[in-house]
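Number of protein chains: 2
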Amino acid sequence: MIFNKATILGIGLIGSSLARNLKQNNDVQTLAIYDKNAENLEKAHALKLGDIYTDNLQTAVADADIVIFATPVCAFGELAQAIKPYLKKGAIITDVGSVKQYSLHEIEKHLNKADGFVVVGGHPVAGTEKSGPENGFASLFKGRWSILTPDENSTPEAIAKITEMWEHCDMKVDTMEAAHHDKVMAAVSHLPQLIAYSIVGTVADLEGYEHKEIIKYSAGGFRDFTRIAGSDPTMWRDIFLTNKQTVLELIQRFVEDLIALERNIRWDEGDKIFNLFKRTQKIRKDVIEARQDQPEHEKRLLEEMARQTNIDNKK
Amino acid sequence: MIFNKATILGIGLIGSSLARNLKQNNDVQTLAIYDKNAENLEKAHALKLGDIYTDNLQTAVADADIVIFATPVCAFGELAQAIKPYLKKGAIITDVGSVKQYSLHEIEKHLNKADGFVVVGGHPVAGTEKSGPENGFASLFKGRWSILTPDENSTPEAIAKITEMWEHCDMKVDTMEAAHHDKVMAAVSHLPQLIAYSIVGTVADLEGYEHKEIIKYSAGGFRDFTRIAGSDPTMWRDIFLTNKQTVLELIQRFVEDLIALERNIRWDEGDKIFNLFKRTQKIRKDVIEARQDQPEHEKRLLEEMARQTNIDNKK
Chain A
126 MIFNKATILG IGLIGSSLAR NLKQNNDVQT LAIYDKNAEN LEKAHALKLG
176 DIYTDNLQTA VADADIVIFA TPVCAFGELA QAIKPYLKKG AIITDVGSVK
226 QYSLHEIEKH LNKADGFVVV GGHPVAGTEK SGPENGFASL FKGRWSILTP
276 DENSTPEAIA KITEMWEHCD MKVDTMEAAH HDKVMAAVSH LPQLIAYSIV
326 GTVADLEGYE HKEIIKYSAG GFRDFTRIAG SDPTMWRDIF LTNKQTVLEL
376 IQRFVEDLIA LERNIRWDEG DKIFNLFKRT QKIRKDVIEA RQDQPEHEKR
426 LLEEMARQTN IDNKK
Chain B
126 MIFNKATILG IGLIGSSLAR NLKQNNDVQT LAIYDKNAEN LEKAHALKLG
176 DIYTDNLQTA VADADIVIFA TPVCAFGELA QAIKPYLKKG AIITDVGSVK
226 QYSLHEIEKH LNKADGFVVV GGHPVAGTEK SGPENGFASL FKGRWSILTP
276 DENSTPEAIA KITEMWEHCD MKVDTMEAAH HDKVMAAVSH LPQLIAYSIV
326 GTVADLEGYE HKEIIKYSAG GFRDFTRIAG SDPTMWRDIF LTNKQTVLEL
376 IQRFVEDLIA LERNIRWDEG DKIFNLFKRT QKIRKDVIEA RQDQPEHEKR
426 LLEEMARQTN IDNKK
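Quick mapping for you: the protein sequence lines, in order, are chains A and B.
Per this note's numbering: the first sequence ends with 440, consecutive numbering throughout.
Per this note's numbering: the second sequence ends with 440, consecutive numbering throughout.
Only chain A is shown next, with the shape it has when bound in the complex (with noise of 0.2 Å):
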């Protein structure tokens, strides 16, 4: 038992994921959930998720030596300043936003050492394309590196206990400051999910298509884009507007390298295209050596989509 009462503001994909895992981990007495949209409380109460379902945000933090953050981040200011008065001093709080620089000023500008709360950021590198509490499911982490970003605000006690949080949860933490996550995060999560966003809109849009044809076809390698690209669009945005400005310069560097490589097509430059694709071909060598890609890690993954999508199917 690592926690008493643990509460999680936001019972979405990683929120659902987290609370199955800290019940069945038996790292927590009372796990409180909250969440603003009813809907999705009935649905962790049907799912039996936690011990307290409720929209109060008193009821929800009372008490709590834990309070998870797990919002879209843009809702962190608010409900930061909103939970304030309910908080027993020398509560922890964390979060699990893909962007560290800005949650971390929305929830430190209202919580902080000086208010006599700890704070320590964090990231657990996971998800699906889905969202909503009926689409998590334990095993998420399992594998995945789980980032934390601790700050002046934190302590080594509550380092260690969040640290224990993530890897009963089967995750490899790893620490860093909070501008560097949001740097290679932009490199290797952001750009990426952008551009799948913006060339599904684009084929999606061509003049002069069928848009059934598009879909029909769309296993030649569209249907990979469209997985990446049904992802939830509240969490996306505001990912894309809080690291504005690295998101912004790396958009700037792949329309360079983009028009490069137009350029070598439009000459008949065989020989550069053919170098840059065996030179990714060498990258994905790289990730599949380093065990980031590993196909009974993603057939585990089909699995549990596959039984979503059988209950999907039933309903």
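Among the hints, erroneous ones may be present.
Copies of the same chain are indistinguishable here, so a pair counts whether it falls within one copy or spans any two.
[Claimed, not checked] Derived BS3-like pairs (lysine-lysine); straight-line CA-CA distance at most 25 Å:
{"id": "1", "residue 1": "LYS213", "residue 2": "LYS297"}
{"id": "2", "residue 1": "LYS337", "residue 2": "LYS308"}
{"id": "3", "residue 1": "LYS148", "residue 2": "LYS369"}
{"id": "4", "residue 1": "LYS173", "residue 2": "LYS148"}
{"id": "5", "residue 1": "LYS397", "residue 2": "LYS168"}
{"id": "6", "residue 1": "LYS173", "residue 2": "LYS341"}
{"id": "7", "residue 1": "LYS341", "residue 2": "LYS255"}
{"id": "8", "residue 1": "LYS308", "residue 2": "LYS369"}
{"id": "9", "residue 1": "LYS308", "residue 2": "LYS168"}
{"id": "10", "residue 1": "LYS297", "residue 2": "LYS337"}
{"id": "11", "residue 1": "LYS267", "residue 2": "LYS286"}
{"id": "12", "residue 1": "LYS297", "residue 2": "LYS341"}
{"id": "13", "residue 1": "LYS213", "residue 2": "LYS341"}
{"id": "14", "residue 1": "LYS209", "residue 2": "LYS255"}
{"id": "15", "residue 1": "LYS148", "residue 2": "LYS161"}
{"id": "16", "residue 1": "LYS407", "residue 2": "LYS255"}
By construction, these hints were calculated from the structure, which means they are not laboratory data.
Starting from the known structure of chain A, arrange chain B on it as the hints suggest.
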């Protein structure tokens, strides 16, 4: 039995997957496999994919009822010219090339109706990012579309036989004009693939980033693009160079849309961003409803990948 003797030119991922089907489905009496690469031929032999293994074109195509071009498309012209003297009259020529106008142009300038040959362009829309005969497998085609692009060099009898061959591979068969094929594939396959190559190059080259860190956190999204960008460099270079005009047009359309999205982010136009992401989510639903992304199907592919990874690891 559809054919007495069939010849596959080029025993890569697609050629070897088709070979496995032709034998398993009892569609051919004698299967001749040609490849100019000795290593590929040896692998095909060790895997018992056919009956004749040769780098001699005369041996390969003599008495063949059907010759299937399965090399990169830029080799088609030379091969067509080289086999002409050895082909029997009335032989059927088909191919598996991803670009149909160019492929057919290259084949038909040497082999056509006037000389007593029958040509039916084909493109089984299936594949993985792996290449080589050892990575092919019979169920690769299952549930996918095979597109035939018959023209004035085709006959109804030949179309029927090739349709039967692909249907025995569990494919659905569709027929369209070569030009239409190239336009549709540019959108659903060539552009997405090009973008994947480009973004993997961009992210891997970012100055001020550690390569190791990019790989380590690649599961954040980058990984999915490396999978696509791990595909055969020669095949894809040829596709972009031979479907050039349409691909160049679509790159321009894509850049235009990406710049618009960049501007939305810069000016905090959250609503516009959200609306795009909502729209792409809907497109994802269309893909799933059209059963073009089925977890059970993906799972089967992953099982195959896991098996191959195990084989690789044991080497």
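Hint-by-hint comparison with the structure:
1. In this homomeric assembly, LYS213 and LYS297 never come within 25 Å of each other (Cα to Cα): the closest approach is 30 Å inside a single copy and 63 Å across copies.
2. For the identical chains of this complex, LYS337 and LYS308 are inter-copy neighbours only, at 14 Å across copies versus 39 Å inside a copy, given an alpha-carbon limit of 25 Å.
3. Neither within a single protomer nor between protomers do LYS148 and LYS369 lie at most 25 Å apart by alpha-carbon distance, with minima of 36 Å and 56 Å respectively.
4. With identical chains, the CA atoms of LYS173 and LYS148 are at most 25 Å apart within one copy only, with a shortest distance of 10 Å there and 53 Å across copies.
5. Taking CA atoms no more than 25 Å apart as the test, LYS397 paired with LYS168 passes in neither setting, with 53 Å inside one copy and 30 Å between copies.
6. For the homomeric pair LYS173 and LYS341, neither the shortest alpha-carbon distance inside one copy (39 Å) nor that between copies (35 Å) is at most 25 Å.
7. With identical chains, the CA atoms of LYS341 and LYS255 are at most 25 Å apart both within one copy (22 Å) and between copies (24 Å).
8. In this homomeric assembly, LYS308 and LYS369 come within 25 Å of each other (Cα to Cα) only inside a single copy, at 11 Å, whereas the closest approach across copies is 35 Å.
9. In this assembly of identical chains, the alpha carbons of LYS308 and LYS168 never lie at most 25 Å apart, being 35 Å within a copy and 45 Å across copies at closest.
10. Proximity of LYS297 and LYS337 under a CA criterion of 25 Å is satisfied inter-copy only: 16 Å between copies versus 43 Å inside one chain copy.
11. For a Cα distance limit of 25 Å, the shortest separation of LYS267 from LYS286 inside one copy, 18 Å, qualifies, whereas the shortest one across copies, 49 Å, does not.
12. Proximity of LYS297 and LYS341 under a CA criterion of 25 Å is satisfied inter-copy only: 11 Å between copies versus 40 Å inside one chain copy.
13. When the C-alpha separation of LYS213 and LYS341 is checked against a cutoff of 25 Å, the pair qualifies neither within a copy, at 56 Å, nor between copies, at 38 Å.
14. Within a single copy, LYS209 and LYS255 get their C-alpha atoms no closer than 31 Å, and across copies no closer than 54 Å, so neither meets the 25 Å cut-off.
15. In this assembly of identical chains, the alpha carbons of LYS148 and LYS161 lie at most 25 Å apart only when taken from the same copy (22 Å versus 60 Å across copies).
16. With identical chains, the CA atoms of LYS407 and LYS255 are at most 25 Å apart between copies only, with a shortest distance of 13 Å across copies and 31 Å within one.
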